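Model the full assembly from the supplied sequences, consistent with the hints where possible.
Just remember that the working numbering sits 19 ahead of the position in the sequence shown, which is counted from 1.
Be careful, since some hints might not be right.
[As the list claims (entries may be wrong)] Listed next, with one range per pair, are the computed distances between beta-carbon atoms:
hint, residue 1, residue 2, range
1, 170, 254, 32 to 42 Å
2, 287, 180, 24 to 34 Å
3, 223, 171, 29 to 39 Å
4, 181, 223, 25 to 35 Å
5, 268, 180, 30 to 40 Å
6, 139, 275, 33 to 43 Å
7, 136, 163, 30 to 40 Å
Derived from the structure by calculation, the hints contain no laboratory data.
Note that the coordinates shown come from a computational prediction; the quantities given were computed from them, not determined experimentally.
Note that CB positions come from ideal geometry on N, CA and C, so glycine has one too.
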Amino acid sequence: MNPRPKLRSPPLPSPSSPPSPKPLTPNLNNKMPPRKLNLKPTTLTLATTLFSILALYVFFNTFIFPNPPNNSTTRNSLFGFREKNTHNFPPVKVYMYDLPRKFTYGVIESYALARGGEKQRDDSLLKYPGNQHSAEWYLFSDLNRPSRERGDSAVTRVMDPEKADLFYVPFFSSLSLVANPIRPGTVVAPGDRPVYSDEEMQESLIEWLEQQEYWKSNNGWDHVFICQDPNALYKVVDRVKNGVLLVSDFGRLARNQASLVKDVILPYSHRINTYTGDIGVENRNSLLFFMGNRYRKEVID
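See below:
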């Protein structure tokens, strides 16, 4: 048998010889050039950030602390960030559109009618059905509170659109998506009740917006939409993508529709009651939010 050949080291270069050039290897991680980010003006970016703080503040006050906890130290530690940082900036001025009733209370009524409910003469008697996408209702309710009750808020509602930094469009898009429990055209509505169509409502919203002076003046860049359900506003999202989107994740949004640069991710509402025992939320100094990739199950026809 031939003996196994010995591995020989490459000869060392002489001091006078130039170093050998390194072989060029393709960088497999850079298959595409980096996307250019169209950053907003500093004022609008700051306004969006503070509006996001408001959204998270409303969420925690509603679902985590519906009533003030007994331990003031715990509350101060949880909301210390908001108190320290929002006081350094003037409140963001938000103009909330007075949408036609069908986009707000009308959606709640349609949801109830589709499930055997009755029409209400007084909108205050309508109750938003609790679900994990209730943020649209709590933001709407918070901005409708009297200004004297919102003294410590990072956001100030203005009634004059000329003074606004942002324009909030309070369409209940997530509830509209599920207002009709069956798809239009698959069943006849009972009696004289028409079948609710979310797609028609989305189109109607855009038609209404396109007639508004402040929408046309800035092409929607300073408008805020809440579409927390991953399918909310799916039919018209390409026509509102310039604005700030309040979403749960980017699972069903294209890269040219949503990004962390301009949009805000809102936590889901709890679907079960928060535990209030010895190890409940009120006795903790810190709350953690675990984030990871989310893969949505798509329906294949």
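Here is what the structure says about each hint:
Distance hint check for residue 170 and residue 254: the Cβ-Cβ separation is about 39 Å, which falls inside the suggested range of 32 to 42 Å. In this structure, residue 287 and residue 180 meet the distance hint of 24 to 34 Å, their C-beta atoms being roughly 32 Å apart. Between residue 223 and residue 171 the beta carbon distance is about 37 Å. The supplied range of 29 to 39 Å therefore holds. Range check, residue 181 to residue 223: Cβ separation about 26 Å, and the 25 to 35 Å hint holds.
Separated by about 31 Å at the C-beta atoms, residue 268 and residue 180 satisfy the suggested range of 30 to 40 Å. Separation of residue 139 from residue 275 is about 41 Å and conforms to the stated range, judged on CB atoms against 33 to 43 Å. Between residue 136 and residue 163, the C-beta spacing of about 23 Å breaks the proposed range 30 to 40 Å.
The structure is inconsistent with hint 7 alone, although it conforms to all the rest.
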